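A.B. asks: Next come the chains, spelled out residue by residue.
4 protein chains.
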Amino acid sequence: MEIFSKLESEVRSYSRGWPVVFDRAQGSMLYDENGKGYLDFFAGAGALNYGHNNPALKQALIDYIARDGVTHALDMFTVAKRDFLETLQEKILGPRELDYKVVFPGPGGANAVEAALKLARKVTGKESVINFTNAFHGMTLGALSVTGNSMKRGGAGVPLVHATPMPYDKYFDGAYPDFLYFERLLEDSGSGLNEPAAVIVEALQGEGGINAARLEWLKGLSDLCERHNILLILDDVQMGCGRTGPFFSFEDAGIKPDIVCLSKSIGGYGLPLALTLIKPELDVWEPGEHNGTFRGINPAFVTATEALRVYWSDDKLEQSTRAKGERIGSVFDEIVQAHPEANLVAKGRGLARGIEFASGELAGSVCAEAFDRGLLMETSGPDGEVMKLLPALTINDAELEQGLEIIGESVRAVLTK
Amino acid sequence: MEIFSKLESEVRSYSRGWPVVFDRAQGSMLYDENGKGYLDFFAGAGALNYGHNNPALKQALIDYIARDGVTHALDMFTVAKRDFLETLQEKILGPRELDYKVVFPGPGGANAVEAALKLARKVTGKESVINFTNAFHGMTLGALSVTGNSMKRGGAGVPLVHATPMPYDKYFDGAYPDFLYFERLLEDSGSGLNEPAAVIVEALQGEGGINAARLEWLKGLSDLCERHNILLILDDVQMGCGRTGPFFSFEDAGIKPDIVCLSKSIGGYGLPLALTLIKPELDVWEPGEHNGTFRGINPAFVTATEALRVYWSDDKLEQSTRAKGERIGSVFDEIVQAHPEANLVAKGRGLARGIEFASGELAGSVCAEAFDRGLLMETSGPDGEVMKLLPALTINDAELEQGLEIIGESVRAVLTK
Amino acid sequence: MEIFSKLESEVRSYSRGWPVVFDRAQGSMLYDENGKGYLDFFAGAGALNYGHNNPALKQALIDYIARDGVTHALDMFTVAKRDFLETLQEKILGPRELDYKVVFPGPGGANAVEAALKLARKVTGKESVINFTNAFHGMTLGALSVTGNSMKRGGAGVPLVHATPMPYDKYFDGAYPDFLYFERLLEDSGSGLNEPAAVIVEALQGEGGINAARLEWLKGLSDLCERHNILLILDDVQMGCGRTGPFFSFEDAGIKPDIVCLSKSIGGYGLPLALTLIKPELDVWEPGEHNGTFRGINPAFVTATEALRVYWSDDKLEQSTRAKGERIGSVFDEIVQAHPEANLVAKGRGLARGIEFASGELAGSVCAEAFDRGLLMETSGPDGEVMKLLPALTINDAELEQGLEIIGESVRAVLTK
Amino acid sequence: MEIFSKLESEVRSYSRGWPVVFDRAQGSMLYDENGKGYLDFFAGAGALNYGHNNPALKQALIDYIARDGVTHALDMFTVAKRDFLETLQEKILGPRELDYKVVFPGPGGANAVEAALKLARKVTGKESVINFTNAFHGMTLGALSVTGNSMKRGGAGVPLVHATPMPYDKYFDGAYPDFLYFERLLEDSGSGLNEPAAVIVEALQGEGGINAARLEWLKGLSDLCERHNILLILDDVQMGCGRTGPFFSFEDAGIKPDIVCLSKSIGGYGLPLALTLIKPELDVWEPGEHNGTFRGINPAFVTATEALRVYWSDDKLEQSTRAKGERIGSVFDEIVQAHPEANLVAKGRGLARGIEFASGELAGSVCAEAFDRGLLMETSGPDGEVMKLLPALTINDAELEQGLEIIGESVRAVLTK
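Chains as they are written, first to last, in numbering that gives the first Met the number 0: chain A, 0 to 416; chain B, 0 to 416; chain C, 0 to 416; chain D, 0 to 416.
Heads up, some of the hints might be wrong.
When chains are identical, the list treats them as one kind, so a pair holds in a single copy or across two.
Claimed, not checked - Lysine-lysine pairs mimicking DSBU-like chemistry, simulated, CA-CA at most 35 Å apart:
1. LYS151 - LYS121
2. LYS218 - LYS5
3. LYS125 - LYS5
4. LYS416 - LYS57
5. LYS416 - LYS121
6. LYS151 - LYS125
7. LYS416 - LYS90
8. LYS90 - LYS121
9. LYS90 - LYS35
10. LYS416 - LYS218
11. LYS90 - LYS255
12. LYS5 - LYS315
13. LYS255 - LYS151
14. LYS278 - LYS416
15. LYS5 - LYS255
16. LYS5 - LYS90
17. LYS218 - LYS90
18. LYS121 - LYS218
19. LYS169 - LYS57
20. LYS218 - LYS315
21. LYS5 - LYS278
22. LYS121 - LYS5
23. LYS218 - LYS151
24. LYS315 - LYS416
25. LYS278 - LYS255
These aren't lab readings, by the way, just hints derived from the structure by calculation.
Being a predicted model, the structure only gives us computed values, none of them experimental.
The task is simple: from the sequences and hints, build the whole structure.
C.D. replies: Structure (structure tokens):
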């Protein structure tokens with residue numbers, strides 16, 4: 000592994016907790032170069048909702064490559080893109096009565112967010128954006144300015160401006176009414192709040208510590224935006240594509256955001272793809288006003304299309320995600336109750352789950368113990384104090400139970416040291 | 000094609016000039032869904048230096064996918080990444096005595112630029128960056144702030160600050176000494192120029208109009224940066240990977256930039272990959288201070304590695320690129336001389352070539368005529384007044400001659416209308 | 000008055016409500032060019048705490064001018080400045096055990112604020128500042144960025160950044176604990192709040208609507224700043240010099256801010272003068288790093304010195320201000336109770352007093368009625384909904400009672416229309 | 000003088016070179032507390048064009064104060080303000096056919112500049128402003144952002160943005176055509192220059208080093224602004240009121256700027272007063288959108304009016320200023336020629352004059368020698384390398400000759416050391 004320390008920048012992070020060299024992967028399993036298998040409860044930080052190298056998608060991908068389907072085509076029309084758009088309309092947007100146009104903003108989630116912010120500002124003529132405490136939206140300058148983590152913000156090297164953080168749901172544990180401060184600032188012409196172009200929000204904050212906003216909070220936020228003529232940007236990069244159950248994480252709240260950001264699992268196979276969905280009346284771009292080299296990699300369209308066909312033609316995946324999520328929830332409740340002195344908190348919805356520990360050190364130790372037992376898990380939250388689970392939605396019951404057992408053991412090992 | 004106009008945002012651009020649906024591709028040829036072939040002199044805006052679906056890379060890619068090699072692994076260690084790093088060191092960095100560490104900044108060129116700007120600011124504690132007239136560095140907020148095009152800048156929706164443009168080489172046609180203004184501003188403590196953290200520059204501006212900086216200008220810029228303790232960021236996203244002949248576009252100038260941005264063709268096959276190369280003393284990141292989901296897609300590592308092995312083990316590609324470039328140059332000189340009244344200007348170096356017309360309308364008409372004759376070409380420059388050629392470096396002589404013939408005809412057709 | 004509408008910009012404001020041409024003034028009386036007298040309950044928006052053309056100061060001023068004392072001397076040493084500094088130390092700083100150094104930041108309150116912000120940022124190396132809802136700190140770009148009023152902010156023409164508003168005392172009528180949100184944001188490293196260099200606050204917001212912060216809130220704020228290593232800037236431009244009773248508006252709260260801004264009445268006679276008082280350890284300026292032409296007009300030093308001697312050698316003025324303030328308070332309570340249907344709210348402390356009406360229209364009408372009855376009063380608050388009293392501290396009882404009577408009549412006239 | 004070092008901030012500057020305590024002043028003479036006289040060739044950095052305590056103005060001032068004329072009146076209508084406006088129209092604007100409306104932006108020059116920038120941005124909807132190398136416009140955040148001096152800029156504590164410096168006249172000693180770079184950037188839509196709302200310029204840079212722009216350069220700049228629809232802001236704070244001969248420094252260039260900033264000597268007597276003159280079509284302010292406590296101190300109106308009447312009813316002052324300026328110029332030429340090895344450069348126009356030395360150290364030594372001989376002079380320029388003369392316009396010939404003699408001696412003393 001010498002070449003990594005010699006040649007790769009110190010900015011590398013995940014490899015520090017998992018110091019092995021991975022080679023192959025299948026479903027929920029990653030294998031290192033010596034053939035040792037690891038159960039993956041991280042799933043590409045939410046980019047692998049359908050598991051590693053999902054066989055159905057894999058075949059479509061190999062077929063496409065083998066027949067010399069166009070790989071790279073900027074934003075030209077291609078058969079693969081057409082298939083994807085038609086399938087997206089048929090399987091996702093149509094059935095949910097979501098009237099969106101699709102921007103291909105670039106290869107990753109940060110591009111989806113940058114395009115969303117640009118467009119919201121262009122449409123409204125305002126610069127300011129409201130974000131939320133512990134939000135994570137990406138590492139490019141625009142996306143970083145609406146991200147909460149102070150270490151990551153500090154890396155910007157310029158003051159991050161044009162964003163004002165508001166308290167996310169349950170930030171004060173119900174101690175004061177939702178949006179009390181936010182709405183008061185909006186209504187008070189002397190508040191000093193720059194009038195916002197948009198609000199950007201995650202329905203469940205993954206990096207921020209598996210904070211699941213209540214559905215009524217999301218509905219309240221959507222209503223507030225409508226009342227005050229503020230565009231609502233829903234960043235579904237990590238929580239979309241079924242992570243919390245329904246395809247979009249906001250569906251159960253009964254809202255229709257003005258702009259939706261998708262990436263990570265939308266490509267299906269882990270290949271870079273991102274979408275910014277916008278209400279038709281917001282489609283005021285000039286041709287080429289936002290562009291980029293990797294807007295719509297065709298192999299990713301192929302696997303994305305196949306994933307929508309296989310998993311979103313019915314509600315089986317959604318139901319199984321909800322069920323598995325509840326199973327994790329009940330195990331986590333047991334773990335919490337088994338360690339009353341540790342003040343653990345079980346968090347999450349669907350298959351985005353976590354346990355909050357008293358410190359980042361504890362949560363990190365649990366993940367290290369799990370790694371020793373062959374399970375990959377990461378921490379999140381401002382101080383890394385939340386043990387985070389983002390397993391593949393396609394995980395089977397045996398794997399799930401095995402992972403939960405390892406988690407139970409690891410928590411015990413750490414808390415009873 | 001109805002689904003495109005119904006569902007895809009008006010921001011789409013290339014599809015407007017080439018209103019067909021592409022399906023397959025091989026080498027320098029793209030085929031539409033009816034099987035009609037187009038000779039591609041655009042090559043993914045420089046992302047396909049080795050041609051579409053290059054057979055050598057294709058087999059490695061299919062093999063990797065077939066054997067369930069890890070696809071998505073964030074910045075974990077993988078066998079595919081190790082192979083890539085070792086090959087990069089062996090074939091590229093080592094032989095050129097370039098002592099760089101590698102940052103995987105995210106999937107695209109804008110990520111490479113954002114990481115470069117962040118790091119330069121962090122290292123120096125200064126915010127300001129010098130860019131050049133007609134620069135293009137990407138569409139995310141940080142990259143856009145150092146990009147010249149006013150339409151694209153206007154899309155930002157916030158004032159783009161922290162960047163000051165300086166005249167690129169030949170901006171005044173030799174009418175005043177290189178760097179006269181820039182260096183004077185640096186030396187004058189009353190100049191009002193914010194002290195710059197870095198200069199960001201392309202050795203040849205592609206989007207800016209195929210403006211090739213003289214090698215002595217690049218050397219002069221590098222010297223100036225050293226004298227004034229300014230970091231030099233060389234954006235080789237479009238012009239690297241052999242586009243102008245040598246692997247890096249700056250090699251012939253005999254300089255070693257502090258930071259180099261690579262993307263587009265580094266992945267070899269058109270899959271998203273980007274690198275930010277940094278001098279070891281600049282490697283001051285905290286782990287995870289810059290991160291992202293798609294930092295290092297393993298299938299792209301596989302094709303990237305294979306491309307380095309196949310094309311950069313010797314200097315054949317470099318020599319053939321130089322030779323083909325000169326061939327284009329001499330044909331372009333003939334075209335220029337054949338239309339003395341049109342004041343055409345032949346531009347470029349290596350296989351980044353262009354002809355400047357009196358207006359964007361004329362250049363656009365030439366591209367339209369070429370499309371009708373089965374050739375794909377785009378315009379660039381602030382007003383789209385430059386007909387731009389970025390053919391695959393692997394183009395064969397017959398294709399090259401055919402394309403040049405079409406260009407000659409198309410220019411004639413437009414200028415003699 | 001034609002010359003005014005012809006030659007003076009539309010930005011003029013006070014002259015719109017009081018469309019007469021004033022000529023002479025004495026104590027609490029202003030006289031128009033026809034000799035008609037107006038009782039002045041506005042007192043130069045707090046710049047005339049000692050009344051118009053106070054005889055004691057007037058004589059000193061005329062003497063100084065008559066003997067050709069230096070008028071303008073930039074920041075050179077002068078006898079008048081020395082007298083002022085010695086008197087400030089002897090009468091104000093020394094007795095209060097306030098260890099401050101004096102910056103002469105320019106002629107007005109905005110200069111005092113600009114210097115305070117600059118210094119706080121220089122000392123801490125941070126850009127961000129916390130301000131409060133409905134704050135008013137001035138109209139230059141730095142001061143405006145921490146000011147709340149949206150109309151005034153809109154005039155900036157550039158986005159106002161580097162400031163985040165927090166709720167001022169009683170913003171939620173006690174519905175949630177003081178500083179709950181602010182302190183939570185500071186403690187949460189994922190909150191997205193840029194780490195603040197300083198907090199800037201008024202102990203009583205005049206322009207913001209005569210909002211008097213509770214003393215325990217001010218103490219709490221000071222403690223919070225100390226806990227979090229944030230500099231506390233107390234803007235006493237309008238509320239200092241005895242307006243609320245003690246010389247500094249923050250004295251009763253038992254706090255010692257890091258930086259204090261003074262202007263308006265510090266000159267005594269209405270001549271421009273401003274001070275920024277800074278703790279000695281903050282005095283890190285380079286000579287001339289902040290400068291200006293009108294830093295310390297000597298005639299203003301003369302009247303300022305005289306005012307300190309005459310009014311601050313004992314506590315008579317302070318006691319009478321408190322007493323007069325209470326008299327106004329009790330009259331206002333009666334007014335409030337006399338109009339229960341109008342939901343009036345009596346506000347203020349010392350001789351900064353107000354009555355809040357249901358709308359700006361109502362408050363404006365009361366002021367117009369008062370003007371018709373020979374009393375000058377203005378409105379404040381985000382919608383101008385607060386009738387504001389800032390009478391000279393030297394007002395005599397007869398004048399005070401006469402003014403209060405007019406106010407009572409005016410309120411009745413408006414509310415019983 | 001102990002109280003100064005104990006109580007006054009280290010930011011004090013002029014007092015460092017002239018460590019005496021001044022008491023009285025008359026005309027061109029300043030007297031310290033021991034009665035020692037100093038010939039003042041600095042004149043309040045241009046605030047005392049009519050000399051210290053000018054007798055004509057003094058009498059009007061004392062009369063006004065004695066009769067209890069209103070002192071402080073915010074922006075209310077007063078007799079003193081009406082007199083001033085009428086006189087300004089009659090003596091200055093009318094005869095020069097300048098159709099301006101008057102904004103009273105606050106007490107000092109920086110306020111005049113802040114108001115100008117605000118208005119230019121509001122009118123155009125653009126943020127960016129073009130300033131010039133070595134410009135000085137003031138120390139508040141908006142004014143500082145267009146100021147050149149790096150030490151003063153560094154004091155801001157936030158990045159100064161929204162301004163791009165262009166080369167002032169003769170910056171390259173005629174080596175390249177005027178405005179070559181500026182106009183090229185404006186015409187090139189890919190230049191990366193943010194479209195400017197305004198250009199701000201001094202006709203002669205005082206603080207920047209007594210750089211007198213050629214009249215044809217000013218005319219060219221004005222034409223360029225008109226061609227490109229950019230507002231021209233002429234900062235005449237230091238060079239207006241006759242400093243270079245005519246009332247406005249730009250008159251001889253035959254231009255009519257869109258906005259003119261006046262302060263310093265406009266008050267006549269050294270009392271703070273500032274004006275922003277704007278073309279009527281720019282008068283788009285809302286009432287109160289820009290305001291402030293010290294907009295129009297009435298004693299300053301009185302002295303300002305008297306100064307206009309006494310000195311601007313005919314062209315005597317203008318002619319004598321030109322003549323005295325030429326006298327200084329010819330003496331300076333002799334000095335330059337007497338020290339050929341020193342490479343001195345005589346600079347300036349009217350009574351803004353300077354000699355540039357090889358270093359700031361030399362220029363400072365000359366000023367120190369002059370002080371020892373009883374003459375007050377300061378340095379300017381980015382490194383303080385210019386000995387600067389701004390004598391009162393009312394200086395008599397004997398004083399002028401005496402001062403020039405001291406200068407000659409002082410230069411000799413330093414250069415022949």
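A.B. asks: Now look at each hint and say whether the structure bears it out.
C.D. replies: Here's how the hints hold up against the structure:
no.	hint	result
1	LYS151 - LYS121	both (27 Å within a copy, 12 Å between copies)
2	LYS218 - LYS5	between (50 Å within a copy, 29 Å between copies)
3	LYS125 - LYS5	between (46 Å within a copy, 28 Å between copies)
4	LYS416 - LYS57	neither (44 Å within a copy, 52 Å between copies)
5	LYS416 - LYS121	neither (56 Å within a copy, 40 Å between copies)
6	LYS151 - LYS125	both (25 Å within a copy, 16 Å between copies)
7	LYS416 - LYS90	neither (50 Å within a copy, 50 Å between copies)
8	LYS90 - LYS121	within (31 Å within a copy, 46 Å between copies)
9	LYS90 - LYS35	between (38 Å within a copy, 31 Å between copies)
10	LYS416 - LYS218	neither (44 Å within a copy, 44 Å between copies)
11	LYS90 - LYS255	within (17 Å within a copy, 52 Å between copies)
12	LYS5 - LYS315	between (47 Å within a copy, 30 Å between copies)
13	LYS255 - LYS151	both (30 Å within a copy, 29 Å between copies)
14	LYS278 - LYS416	neither (54 Å within a copy, 43 Å between copies)
15	LYS5 - LYS255	between (49 Å within a copy, 19 Å between copies)
16	LYS5 - LYS90	between (47 Å within a copy, 16 Å between copies)
17	LYS218 - LYS90	within (24 Å within a copy, 56 Å between copies)
18	LYS121 - LYS218	within (25 Å within a copy, 37 Å between copies)
19	LYS169 - LYS57	neither (41 Å within a copy, 51 Å between copies)
20	LYS218 - LYS315	within (26 Å within a copy, 59 Å between copies)
21	LYS5 - LYS278	between (48 Å within a copy, 12 Å between copies)
22	LYS121 - LYS5	between (45 Å within a copy, 22 Å between copies)
23	LYS218 - LYS151	both (30 Å within a copy, 33 Å between copies)
24	LYS315 - LYS416	neither (42 Å within a copy, 63 Å between copies)
25	LYS278 - LYS255	within (9 Å within a copy, 47 Å between copies)
Hint violations for this structure: numbers 4, 5, 7, 10, 14, 19 and 24, all remaining hints satisfied.
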